[in-house]
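*Asks:* One letter stands for each residue in the lines below.
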Amino acid sequence: MSEPSRRARTHLTRSRRTLLGLTAVLALLLAGCTSGSGSSNSTAGASVTLSYSVWEQPQFATMQKLAAQFHAENPNITVNVQLTPWEQYWTKLQTSVTGGSAPDVFWMNIPNFKLYAKGGALLPISDQVAKDNVDMSNYVSAIADAYKWDNKIYALPKDVDAVGLWYNKKLFTDAGVKFPDASWTWADLTAAAQKLTDSSKGIYGIAANAADQLNYYNTILQAGGHIISPDGKSSGYDSPEAIKGLQFWVDLINKYHASPTLAQMTDTAPLDMFTSGKVAMLYGGSWSVLSMVNIPYAKENVDVAPMPKGEQVGGVSNGLGNAIYAKTKHPIEAWQFVKFLGSKEAADILAATGAVIPAYKGTTDAWVKATPEFHLQTFVDELAFTSAYPSSVSSAAWSDFALKEFAAAWSGQESVEDAAKHVADEMNAALAKENQ
Amino acid sequence: MKRMGHPPRAPGKVSPYPRQSTLHRKDARWALLFVAPTALGLAVFCIWPTFQTFYYSFTTWGPFGGHDWSGLDNYRELFTDPELRNSLISTAIFTIVTLLSVPIGMVVAVLLNRPGMRGLGLYRTIYFLPTVTLPASIAIMWKMLYNGDYGAINWALGLIHIHGTSWLANPDTAIYAVAVVSVWGSIGYNMVLFIAGMQVIPRTLYEAAELDGAGRVAQFRHITIPLLSPTIFFVTVITIIGALQAFDLVYMMIGKSNPALAKSETVVFLFFHKAFLDSQGGYAAAIAFLLLTIILVFTSIQFRMQKRWVHYE
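So the sequence lines, in the order shown, correspond to chains A and B. Under the numbering used here, the first residue of the first sequence carries the number 1, and numbering increases by one thereafter. Under the numbering used here, the first residue of the second sequence carries the number 1001, and numbering increases by one thereafter.
Source of the hints: derived by calculation from the structure; they are not laboratory data. The model shown is predicted, which means the values in this text are computed figures rather than measured ones. Just so it is clear, CB atoms sit at the ideal spot from N, CA and C, and this is done for glycine as well. Certain hints may be false.
Once the Cα atoms are required to be at most 20 Å apart in a straight line, the calculated SDA-like pairs of lysine to any residue come out as [unchecked claim]:
#	chain 1	residue 1	chain 2	residue 2
1	A	339	A	17
2	A	201	B	1149
3	A	299	A	353
4	A	404	B	1280
5	B	1143	A	269
6	A	118	B	1256
7	A	369	B	1252
8	A	195	A	255
9	A	92	B	1154
10	A	404	B	1251
11	A	404	B	1085
12	A	118	A	231
13	A	404	B	1154
14	A	201	A	268
15	B	1143	A	339
16	A	92	B	1255
17	A	299	A	287
18	A	169	B	1173
19	A	201	B	1154
20	B	1256	A	89
21	A	92	B	1149
22	B	1026	A	17
Here are the simulated distance ranges between beta carbons [to be verified]:
#	chain 1	residue 1	chain 2	residue 2	range
23	B	1081	A	151	38 to 46 Å
24	A	87	B	1150	16 to 24 Å
25	A	87	B	1104	18 to 26 Å
26	B	1150	A	256	20 to 28 Å
27	B	1293	A	232	36 to 44 Å
28	B	1234	A	256	55 to 63 Å
29	B	1150	A	141	28 to 36 Å
30	B	1184	A	365	52 to 60 Å
31	B	1150	A	61	25 to 33 Å
32	A	18	B	1207	50 to 58 Å
33	B	1144	A	257	23 to 31 Å
34	A	99	B	1294	26 to 34 Å
Isolated chain B, as found in the complex (with noise of 0.2 Å):
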């Protein structure tokens, strides 16, 4: 007997799994077409390339293309290049200065999250608007910031009879300087996404706990922390990703020719430095494999840790 529609169910019983009718199966093609073009995209773009570096890792390059077989060479040199270990250590430097964002994107949330605040709109504006600025801009104002004779900061500390160094060209400073611009970009973006995870939170919470007797702070910690919890969860795990693969800017105010380079380039810079100055395509596709590595085992390591400290509803 051919069945048309859904089935009727007894009532409280679900079953395990829907039954394919004829519809189902008409929509579930629909359903492929509209996600096949970014699914091509992604297995075009993103999948595919990712097992041609695997491969690559295992060959040695030209200057204008064309490559051998090397087997594990290139994962040997890894061990014992002290440019990656540099490159390591600056680039673990620049991820833990970067995550001082997601503090400070929360406190400017609880900020500018009081519904009838005078401006509200045009300091969120504010904030938000060096997510929506162009890194080539932000570089180029912020190198003229820190230059080590004529920017604005060294001007500043003059008044108070500091003497600034010349920050991006100093090896000790660089990179905390440039981490300080990524933190400074990255407030705005945390902060909407916490802004939008607290409207989730009743605001009977926050009346009960007044009534209680907790001040502002005791609030804040008690309640807002706890469910915003998915939210810091999720802001700190694409902050750590986007951290470790930092390279923008990185390339555009740390120039090739600059002292202060070797104790300043991240991984991703090295990768660049490799495989587009240097023409070693192999090794920094062996270079990319480790820092796909890398990510992988700090996200599951953090996807592991949520459980004892984020609460879902």
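Pulled out of the complex, with its shape left as it was, chain A reads as follows (with noise of 0.2 Å):
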């Protein structure tokens, strides 16, 4: 009689089976059911929770005092503020538009802008601006500008910024060099970059990195060149102009020796190695005063003067502006936040922790005083004469390319004008297929 026993041993008793059953089916269902999002409709007066999506390390705790007010204000609106590192910004966002799932609201920049605004991406806020009587000439009219596409506005600017040189007192003053002024031309900071500069400390005069808007935008610009046409349709970088303004650098590092090779920049952040005391000068934004203030070496030792002139004074200027997301579930509420966002008392509140400089007129005295150790005039004095940002629908992808070609000349593995003309070539095919 072994079948019968066997039989019971080896198949499972009908409780049992219903039993594993259930737990099978159970499982399937929570390996298949996604987490909801559980937002309900933006019925005026609901809960609503926004997401709002920034990139500025030391901006982070500006934004989320800038929530919190908001909430203050909107009891029923609670912001999430996400904070994504500057390198994956750009990858996520549009990776998160394509997938239909992005943030309500998120900064947006210059050259980045028409990409998003022709792609749909972008909520257009010309009717609501109009509804709500918001005065655009409140804003700095070039980013104001900035952020129109086809007539329509996409976003309400946030801050306006200039890059300018920032340098360490005490390595100045122990070599014995009168520290940057006004008057200072190229020849002054190539003389004085090679005066700092001490191999057997390690100290370099300068930081001459192969960053678009901190260091060869500028140059260009100073050296009477453009990166882009008025027009949008061509490429400047193979004027001998362009190429005069990416030279400066180049022979920084190559032949005068006064400043780290890209290799080791790339080790080390160019930031990092200023605000240690291993190179005397950098090229920096307006929106660094809060890394420069925050390290106790920095805040004593470093003070900013204007980016030194080549031909003529120049440089750009970014500015960053709030947009929402053109499949935002809540767009009344995204509005509200970013009316806010554009308004005196949030460029009040962004001025006064010395964050950046709002694009919000009549607040950069705020602003200046809200760091004394620095001379941040500078900035606010240079925003005289700066540039606007150059971007076309395709910036993003030609200026990566710029980048890439830049970092081979800069290695000395290519020529500047060779690589000059390499760039100018793929950005004038690329501006060329955008205005087909």
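Using the hints, build the complex out of the two chains.
*Replies:* Printed below as a string of structure tokens:
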């Protein structure tokens, strides 16, 4: 009689089968179901959570303050500030827009704006601006105009920036070099950088990085060249002036040996080198004020002067804007938040923290006074002669290509002329495709 | 006549296939039910996307989604793209260096397979730790070690008067530097697999060899390696498949703005670059399919060759 007992042992009893079956079904259900979003419809008054995506670590606390202030004034709307590091911000944003789940409100900048506006990723806010009587003349006009596409407004300006010459007062005094001032030219900078370089101590005069907004955009303009033609149809990189502007940096590394090599600056970020006293000068942005002030060594020893002039003064100004995702589930609440962010109240909070120069006119004094350790009036004065940031629909693509190509020039693998020619060709091809 | 249970069999006669009884069918149904969650997951997340990718490799994508049919354009571009050629070379270098972790893992496994050795558990744990450490932490620590000016490696080299370069920013050394980290990380994992494989080798063989006068190395050559060859084969196959798909270490240690990027991009990194940074989803899909083909070819070659050197019991 082994068969029946074998049957009893090898086959499942009815109750066990049912239990295991239910477990299997439950597992299937749990594996299959996605987490529900739980967001309610945007009926006015219902409790709503907005997501606000930003990339600047030093400004994160300020953004949270603004979100808290907004929540205090609008108790039914909670804003969730999400920080994504700059390196991943645009990849993540583009992927999330493609996937249909982008944050409700997010930071936008000029080089990327046209791509997003043309691609229908942003909610036009012209109607809301008109209805709520938002006065666009309150903002720096270059930035306000930059966020218009097809005669519609797509973002409210948040800030405006400029690049200045940050320098280490201690290293200057130790080497016996006069501090930089508004009279400096490229020749003064080069001479000072060479005098400040002390290879026995591992100290360099300047960090000649291959960055666009911080370095070569400014020197190209100072040499009398341009990056993109005013009509937006051709590249200015292959002009002799532009090449001069690029050669300025390459010479500092390879000819005068007054700067670390690009390899060294890849291993250690130029800002870190500067704030630990390894380089005496750095072209840095007005948005780096908080980074400098929060490091005790930098707070004590660092100051800022205007960029030296080449053939002329010049520089680029970028400006961030707050944009709304086109497919947000809460367009009304998102507009309320963006309107708040563009208000004088928010601009005052932003200026008081010293984070960035708000795009709202009349707040620059507050920003300058917020960090008395540095001569921040430098940046405000520079705004008088800076140019609008170069951009087109495909600017993210050709500026990325430029960065890669110029890295080869900076490392001495390619001549500056050849690199500039390659970049100009690539950029012209991209611009031609855009304007088809 | 209804049959209940298994029919009686003539002794010594094995039926070519089992009879399908009702109970057998019920068992099969339960088996299917339990396999279903995994099979469903695999089908939805692995098999269906493979077919989708194959379809997308014949399309061109817009920046925010949407695609148009473009035929063989992507594949034509594959053959003339210098970036792809460089990435294949980098991936080949990476794979060859990573394969070093197989012999090193073997040696470590043999050294840590002596029963009764003091601190055996501790040593095995130390060697295995990299496998359970987050790749991001590994990348950060090694980046600090490799730093051209302030890293520990160059400091140590400085003590013996060798001037080290910026390992991760020098186009000639970057991919080798990342591959070394990969070897370091795989030794422990391979060691564990080899130790497990060595447990089934009977001690009596070693004792007999010792009686015959074979030294440690000879024992290793003539007993350990042949009897461990199934494990060696398995480890080699998965190491190659893993190395050909290297991405996370390269992405974390060599950033977008690194001048060494062009000569140290692996194929999967190029895929990521094209798909998410350049928004060329169709071309990226073609790259992914090329990689799939390469991996299939390598793996099938290895499986063919195993008849020559792998001894199964």
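*Asks:* If a hint holds in the structure, say so; if it doesn't, say that too.
*Replies:* Hint check:
1. Between residue 339/A and residue 17/A the CA atoms are separated by roughly 61 Å; this puts the pair beyond 20 Å, and the hint is violated.
2. Note on residue 201/A and residue 1149/B: the hinted pairing holds, with a Cα-Cα distance of about 12 Å set against a maximum of 20 Å.
3. For the hint pairing residue 299/A with residue 353/A, the CA-to-CA distance comes to about 15 Å; that is within 20 Å, so the pair holds.
4. At roughly 18 Å between alpha-carbon atoms, residue 404/A and residue 1280/B fall within 20 Å of each other, so this suggested pair holds.
5. A C-alpha spacing of about 13 Å is found between residue 1143/B and residue 269/A, which places the hinted pair at or below 20 Å, so the restraint holds.
6. Of the pairs offered as hints, the one joining residue 118/A and residue 1256/B is violated, with about 26 Å between alpha carbons and a cut-off of 20 Å exceeded.
7. Proximity of residue 369/A to residue 1252/B is assessed by CA-CA distance (about 40 Å); at most 20 Å being required, the pair is judged violated.
8. This hinted pair checks out: residue 195/A and residue 255/A have alpha carbons roughly 14 Å apart, not beyond 20 Å.
9. For the hint linking residue 92/A to residue 1154/B, the alpha-carbon distance of about 36 Å lies beyond 20 Å, and the restraint is violated.
10. Among the hinted pairs, residue 404/A with residue 1251/B is consistent with the structure: their alpha-carbon atoms are about 16 Å apart, no more than 20 Å.
11. With a C-alpha separation of about 17 Å, the suggested pair residue 404/A and residue 1085/B falls inside the 20 Å cut-off, and the hint holds.
12. A hinted pair counts as satisfied when its Cα atoms are at most 20 Å apart, and residue 118/A with residue 231/A qualifies at roughly 18 Å.
13. Distance restraint check for residue 404/A and residue 1154/B: the Cα-Cα separation of roughly 27 Å exceeds the 20 Å cut-off, and the hinted pair is therefore not satisfied.
14. Between residue 201/A and residue 268/A the alpha-carbon distance is near 17 Å, which keeps this suggested pair within the 20 Å criterion.
15. The hinted pair formed by residue 1143/B and residue 339/A fails the criterion: a straight-line CA distance of about 43 Å is larger than 20 Å.
16. Pair hint residue 92/A plus residue 1255/B holds up; C-alpha atoms about 16 Å apart against a cutoff of 20 Å.
17. Annotation: proposed proximity of residue 299/A to residue 287/A holds, straight-line Cα distance about 15 Å (limit 20 Å).
18. For the hint linking residue 169/A to residue 1173/B, the alpha-carbon distance of about 37 Å lies beyond 20 Å, and the restraint is violated.
19. Using a Cα cut-off of 20 Å, the hinted pair residue 201/A and residue 1154/B holds, with the two alpha carbons roughly 17 Å apart.
20. Distance hint between residue 1256/B and residue 89/A is fulfilled; the C-alpha atoms sit about 13 Å from each other, no more than 20 Å.
21. The hinted pair formed by residue 92/A and residue 1149/B fails the criterion: a straight-line CA distance of about 32 Å is larger than 20 Å.
22. Under the criterion of a C-alpha separation no larger than 20 Å, the hint pairing residue 1026/B with residue 17/A is consistent with the structure, at around 11 Å.
23. For the hinted restraint 38 to 46 Å between residue 1081/B and residue 151/A, the CB-CB distance of approximately 40 Å keeps it satisfied.
24. A beta carbon spacing of about 21 Å between residue 87/A and residue 1150/B agrees with the range 16 to 24 Å that was offered as a hint.
25. A hinted range of 18 to 26 Å is violated for the C-beta pair residue 87/A and residue 1104/B, which are about 34 Å apart.
26. At about 24 Å, the CB distance of residue 1150/B to residue 256/A agrees with the hint of 20 to 28 Å.
27. Taking the beta carbon of each, residue 1293/B and residue 232/A are about 42 Å apart, inside 36 to 44 Å as hinted.
28. The hint said 55 to 63 Å for the Cβ distance between residue 1234/B and residue 256/A, and at roughly 57 Å that hint holds.
29. Take residue 1150/B and residue 141/A: their Cβ atoms lie about 46 Å apart, and the range 28 to 36 Å is violated.
30. Separation of residue 1184/B from residue 365/A is about 56 Å and conforms to the stated range, judged on CB atoms against 52 to 60 Å.
31. Under the hint 25 to 33 Å, the C-beta atoms of residue 1150/B and residue 61/A, about 29 Å apart, fit the expected range.
32. Our hint of 50 to 58 Å for residue 18/A and residue 1207/B holds, since their Cβ atoms are close to 55 Å apart.
33. Between residue 1144/B and residue 257/A the C-beta distance comes to about 26 Å, which sits within the given range of 23 to 31 Å.
34. A C-beta distance of roughly 29 Å is found between residue 99/A and residue 1294/B, which places it inside the suggested range of 26 to 34 Å.
This entry does not satisfy hints 1, 6, 7, 9, 13, 15, 18, 21, 25, 29, going by the numbered hints stated previously.
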